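For the sequence shown, position 149 matches number 149 in UniProt numbering, and the numbering has no gaps at all.
By construction, these hints were calculated from the structure, which means they are not laboratory data.
No experiment lies behind these values; they were computed from the predicted model shown.
Incorrect hints may have been included.
[Claimed, not checked] Derived CB-CB ranges, DEER-like:
1) Met342 - Leu427: 31 to 39 angstroms
2) Ser62 - Ser311: 13 to 21 angstroms
3) Val179 - Arg334: 22 to 30 angstroms
4) Gly378 - Leu466: 40 to 48 angstroms
5) Leu56 - Val432: 55 to 63 angstroms
6) Val179 - Gly233: 21 to 29 angstroms
7) Asn363 - Leu303: 18 to 26 angstroms
8) Arg110 - Thr90: 52 to 60 angstroms
9) Leu303 - Ser197: 37 to 45 angstroms
10) Val347 - Lys248: 31 to 39 angstroms
11) Leu138 - Leu235: 18 to 26 angstroms
12) Arg379 - Ser197: 56 to 64 angstroms
Even glycine gets a Cβ: it sits at the ideal position worked out from N, Cα and C.
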Amino acid sequence: MPVFTGCQSTSGFISRSWFWSLGSAARYFVNNHPKFFTKDFAEPHIPCLMPETVSLLLEEVSEEALKERITLRKVTAAVDMYDQLLQTGTAVSMETTHELLDLICLYCDRNPVQEGEAADVPRLSWTENNNAERIFYLLPERDTRCYSAVIRGMVKHGAYAKAFSVYSDMLNNRTPGDVHIFNALISAAPEVRDGYSERWDLISELLNHMKQQEIHPNLLTFNSVLKSLRQCGSLARSYSPQTLNEMKALGIAPSLASYDHILAVFYKSGTANSDVLQNLMTELEGQSFTCVDPDDGESVCDLELGYRVQSLVEVGENWRLLGDSVQLSIYYGRFFNLLCMMEDVDVVLRWYKQMVPSLYYPNAQGMKHLLQALDTDGRLDLLPDIWTDMKTLGLYNRADLLEQLLGLMAGEEHSPELQEAFAVCALDVKSVFEEKAGLEWSASSLSHVTTLLLRASKAQQAWDMLKLFKAHNRIPS
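Whole structure, please, built from the sequences with the hints as guidance.
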């Protein structure tokens, strides 16, 4: 029997993407046409089912109106309201000023891209004397939170040297920093120093400043150090294990990003150290992770480690860290290809039935690996079932894949029952070539189909195939 006869040609990840898109479409419609959703029938009230407030309600010049614009992420409108307040001599509280600076610095002095707008907007870069800088330097007093917003915004949007200049100004004014400032500056250290030693010296200097100011590092501090060490050449192989040990000594559990940075240090430019990866997997096994760093991720290297990583994925909700539907597909595709290349075919088929289509939607390359695994272990009797799955998966329009399938069927002669099944598949493939305009017969494919029909005693249909050689200007092989 086919593995999933009758299933729709959508995999688990495509299904999830489909439902996510439905939710996004529904939310977009609700938010952009709120007049159709004025009645709240839910008891108790469920905010996410009602339209979001996206239009400005307060028009008078006031701090409340400024807060409204900040809440709705209306960057330009918030800056305009702030300027109007200053022109009228109205003082703005420091708390609201903090929120305004956070907003401007996060979105680089521009309104955020809204749903329905082009997603391929160019990367934002910090501009000289933008509104964040202007407002920052207009303040009579600049506290830690103000410096933090501006420095983090400059680092986020590529103004690394300017961020360190503002940091120097902060030190000269004897304003204490916070952990967020140092995390940002540590991550920017490789961008303002050319030599590996100079980069590490700057990182060490920043860490010493934290110690002097009695600022306790957090996970992102150490991950910033590890990430910057990736750009410190051979020095990283000495200092990254020390950094990892230091964070453990402080009771800070490494995240997946921490281990990813360690692996990047020891597994590049042909300097792999298998002991590091083996020890890392031993440490990770059985743990459940949550995403605490944007760089959290994982990788698979060989069969044993592949199984260990998969076991880690299955703990708790670790599967969420695989990423979006595309990344999920890439992970399971690589895992399945690894199985096809290195595992017994019965084990491969168990995983195939377990993953397809709920977790993994094979592409042409994945199906080629499966066909190769079946050929290697002599399980060609399963080819008719695999052909049924290929049609269900929408993989019937790849000439190279069809030729591989036909070649395996025509390779050796089998029992009459299997030859009959192969002939049925061959005629099915013939129909695909006839119906799909983009597919062209090769001499090999024509020969394979003819051979399969002759072995099943279908002489007339085999004779019809010979006519196709002339029609398609192919020479029998």
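Each hint tested on the structure:
Take Met342 and Leu427: their Cβ atoms lie about 35 angstroms apart, and the range 31 to 39 angstroms holds. Checked against the hint of 13 to 21 angstroms, the C-beta distance between Ser62 and Ser311 comes to roughly 58 angstroms, which is inconsistent with it. One distance hint, 22 to 30 angstroms for the beta-carbon pair Val179 and Arg334, is violated here, with the actual separation near 36 angstroms. Between Gly378 and Leu466 the CB atoms are about 31 angstroms apart, so this pair departs from the stated range of 40 to 48 angstroms.
Range check, Leu56 to Val432: Cβ separation about 58 angstroms, and the 55 to 63 angstroms hint holds. For Val179 paired with Gly233, a C-beta distance near 27 angstroms keeps the hint of 21 to 29 angstroms intact. The hinted window of 18 to 26 angstroms between Asn363 and Leu303 holds, with their beta carbons roughly 21 angstroms apart. Judged by the Cβ atoms, the range 52 to 60 angstroms given for Arg110 and Thr90 is violated: they are separated by roughly 25 angstroms.
A hinted range of 37 to 45 angstroms for the beta carbons of Leu303 and Ser197 is consistent with their spacing of about 40 angstroms. As the Cβ distance of Val347 to Lys248 is approximately 37 angstroms, the hint placing it in 31 to 39 angstroms holds. In this structure the supplied range 18 to 26 angstroms is violated for Leu138 paired with Leu235, their Cβ-Cβ distance being about 42 angstroms. At about 58 angstroms, the CB distance of Arg379 to Ser197 agrees with the hint of 56 to 64 angstroms.
Checked against the numbered hints above, the structure violates hints 2, 3, 4, 8, 11; every other hint is satisfied.
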